[in-house]
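Asker: So the chains spell out like this:
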Amino acid sequence: MNVLRNSWYCVGWSGEFDAKPVGKTILGEYLVFYRDAEGHAVAMTGRCPHRFAPLDRGIVTPQGLMCPYHGLVFNDSGACVANPFGGGQIPDRAKLRRYPVAERDGVVWVWMGAAELADESRLPRLPWLSDPSFVVIKAYLKVDVNYQMVIDNLLDLTHVPLVHANTLSSGLDEKPEIQHKFSIEGDIVHSDYFLPNSTPQDVFGNVIKGRVNFSANMTWRPGSTLSLESSIVPAGDAMGEAKYVNTLHYLAPETENSTHYFVAIARNMRIDDDEHSKRILDVVMQAFTQEDEPMMRACADLMDGADLFDLNPAILKTDVAAVQARRILGKLIKAERAGAAEVAA
Amino acid sequence: MNVLRNSWYCVGWSGEFDAKPVGKTILGEYLVFYRDAEGHAVAMTGRCPHRFAPLDRGIVTPQGLMCPYHGLVFNDSGACVANPFGGGQIPDRAKLRRYPVAERDGVVWVWMGAAELADESRLPRLPWLSDPSFVVIKAYLKVDVNYQMVIDNLLDLTHVPLVHANTLSSGLDEKPEIQHKFSIEGDIVHSDYFLPNSTPQDVFGNVIKGRVNFSANMTWRPGSTLSLESSIVPAGDAMGEAKYVNTLHYLAPETENSTHYFVAIARNMRIDDDEHSKRILDVVMQAFTQEDEPMMRACADLMDGADLFDLNPAILKTDVAAVQARRILGKLIKAERAGAAEVAA
Amino acid sequence: MNVLRNSWYCVGWSGEFDAKPVGKTILGEYLVFYRDAEGHAVAMTGRCPHRFAPLDRGIVTPQGLMCPYHGLVFNDSGACVANPFGGGQIPDRAKLRRYPVAERDGVVWVWMGAAELADESRLPRLPWLSDPSFVVIKAYLKVDVNYQMVIDNLLDLTHVPLVHANTLSSGLDEKPEIQHKFSIEGDIVHSDYFLPNSTPQDVFGNVIKGRVNFSANMTWRPGSTLSLESSIVPAGDAMGEAKYVNTLHYLAPETENSTHYFVAIARNMRIDDDEHSKRILDVVMQAFTQEDEPMMRACADLMDGADLFDLNPAILKTDVAAVQARRILGKLIKAERAGAAEVAA
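Chains as they are written, first to last, in our numbering: chain A, 1 to 345; chain B, 1001 to 1345; chain C, 2001 to 2345.
These aren't lab readings, by the way, just hints derived from the structure by calculation. C-beta atoms are modelled at their ideal positions from N, C-alpha and C, and glycine is treated no differently. Treat the hints with caution; some may be incorrect.
Here are the simulated lysine-lysine pairs, DSSO-like style, with alpha carbons at most 30 Å apart [unchecked claim]: (1) A/24 with A/181; (2) A/95 with C/2317; (3) A/317 with B/1317; (4) A/181 with A/95; (5) A/331 with A/317; (6) B/1024 with A/142; (7) C/2243 with B/1317.
Pulled from the structure, derived: some chain B residues nowhere near chain A, Cβ distances all over 10 Å [said to hold, decoys possible]: (8) 1064; (9) 1087; (10) 1117; (11) 1297.
Just chain A, with the same shape it has in the complex (with noise of 0.2 Å):
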């Protein structure tokens, strides 16, 4: 797979792990994930050395996970201490690698790569994850499309007035004025979008009344972290309040053609308002599975497989995100195969 290995992946939300075992592949790699006695996460090989039995359909036991199938234990290190048959023996390739894991903010993170490089003060982090003044809601979506072609969609919001005429935009209208800058901060990607005296979207629950300005600023990070920090102030007043409705987009390739896609909505306004938590999960996942998703999911299929710049696509000036992005995440991964593992460090 054509991906970033030194990176850190988020593989879930802290509320999903506990001590029972799940399994999931992340970069193509079969991963069992649960919490120690001391519910610390834990991510290791999800497949049995032995004969690759899925463990996260294991017990739990007091000395450690028990593969299903002829009963090989193994602890929280991935070390094999127990085998029930055989007269206890225990082969030296009776082991499972242990992944580095981080949680921060109610997000739980993978690094993929070799564990020595394993920097959580790398880990992605959004201020208002944890910020008092903000309500998150979480959710979770699988989509079928190489992660790359959802980092694309993401980084140029033009698709928005078009593919969400229905739910996160009030259409084409007036968003060709619609003002673009992009930046490049190292290898963070920033791609902003300002909309001058604009009507505000549904998303906003009517907190301004009239005209706004519509800021919308989307960040990448590599491997596949994306942040939308999205919000509105009265037109003509730029000292006004700014409303948020903040979204992150954190992505795990699962295999070559279907990415993990965890979503939080964040807002600092009506945060009680449990109804307008509800209507705004409910406009954001049709948007995402019910537009999106079919969108990535039509492209792709007329891809057929090949590589977008193989196929020699039109490289719009609202590419420019997009293609940047690209290029940065294909030198990353160019140093880190050619062993200069500390360029990714």
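Mind docking chains B and C on chain A? Use the hints.
Answerer: Relative to chain A, chains B and C alone:
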């Protein structure tokens, strides 16, 4: 795909197309079809050259067809004439290929090869499609086998007594008396059957009582259009007025393993009898979808992707038309690929 | 496929075959089976050599099996004896391969290799299949994994306490006391288990009250036939009369990733108790279809098409029988392919 490109392929009946775009895969390429403001059928590349979205999901605007993903607009010549974003910039690669289209006798054709070789005088045309003494019923089915297996099936009508014993045939009993005559006329193959003094098929609706002489003359034209003139006269009355139930079989290869199959059934008796039209359509569609298609698909499954000749099939005398058609097609494809496009023209 | 061809493969129970042809894929080849006029089971190429139609959909005529597509008729030797069309011409290639078939004790076998090497004295035979003091129940399942994974599963019965905790086993608690004895006899592998002083399994239907000594002796014969003699005697009564619940496991590889699995269960107690027959069949089929098959398929999914040994599995002492069987089979296949067919004979 092993197909002739410089050839007209039927892509639908006239009534199927209007201003609303439809997408179809022809020879493995995704195309979009619609009628322009003058009502002329248009065929163009069906995927946007920007991000490869399916254009048939787009919106028709006064300027042209708008891509449903980011809004590029293409006119009827395939030129990109508008970009709602990025200051309206239009890159050179933002254009569609327009394919020659012809429409005659209610049939819409596309030319998949070099546009300068498209010659409407080469359109296959059947006089009875526009003859007022005939009534014509049209239908469509998709068959999940390679188009050459469908041609094979149609050029060897000795399959009828066995495969169609419950629909088009009264069974094997008298059929071995059938007389078969094969001939080639340029690149056209004729496979003619004559069965004297036989029971008329149900599709003739009892217009002749008693025994008949039955003729069934199948014609194949490269790439993949076939027609069958099927007629009866009273047995022993060679001068009698023939009653016809003719069928056309226009095939458009969709992918290596699937074929668009357009069928029309024309008859010169009971032409105002709608009940008989319905009966004929029912029996023919039952024959094609419940008998031919499952048989061809079963054979394709057991051939497991191999080329027919690579499997060293036993060749029967009754295969001569099908074998010759494969040889002619192979020769034309080879010449076309060698750049000798004038051979095919 | 990595299979032994010069070997008898079980293709069904006697009652399954009659004059009506049935089609089955064995070692990747499509075969047709039926009984001839004398009632002998016949196996021949299942696809017509003309256009590769499935002959099991054909019609049995007094002359032989008629292809359902164009009517070629093949006699029980595989010779084409009639062609209803083309003046009755029969080309040399119009013939079927006939495969040696044997039928013993209600089991039908086919020999997929060189016919001259087919030796009925090599048929696997189990005395209890025809012993009147046993009653035999027969079943069939299809498993969607390579046949060698099924052999592995059967030769390592330490999977029983974990995988079959709800059906065949009372769980892991007393099972670590199990004694395992492995032996090779020519190309035959024995994997024998003994568990003293244990609780009898449900399938023994309480014929012995209290604790028992339990023996389970599994035997594998190449290519892929296995049998398990499973018995109990009262604990401490080595001389007691053994009660048996024996099972045969006759595997026929269908494709690289699927296996025909024929099962028979024989017991020498409660032999007239139809209710107990039903209970045993239920529990065994539940164990195979709800426990073994999902586990093997999950492993196969995680192995993703790789060969077991190429994945460097951890090998346990309890794997010795399975590993030896794979080695013997590999040696026999290699010898067979080297043309040293006499090694396998």
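Asker: If you check each hint against the structure, which ones fail?
Answerer: As far as the earlier hints go, 1, 3, 4, 7, 9 are violated by this structure, in ascending order.
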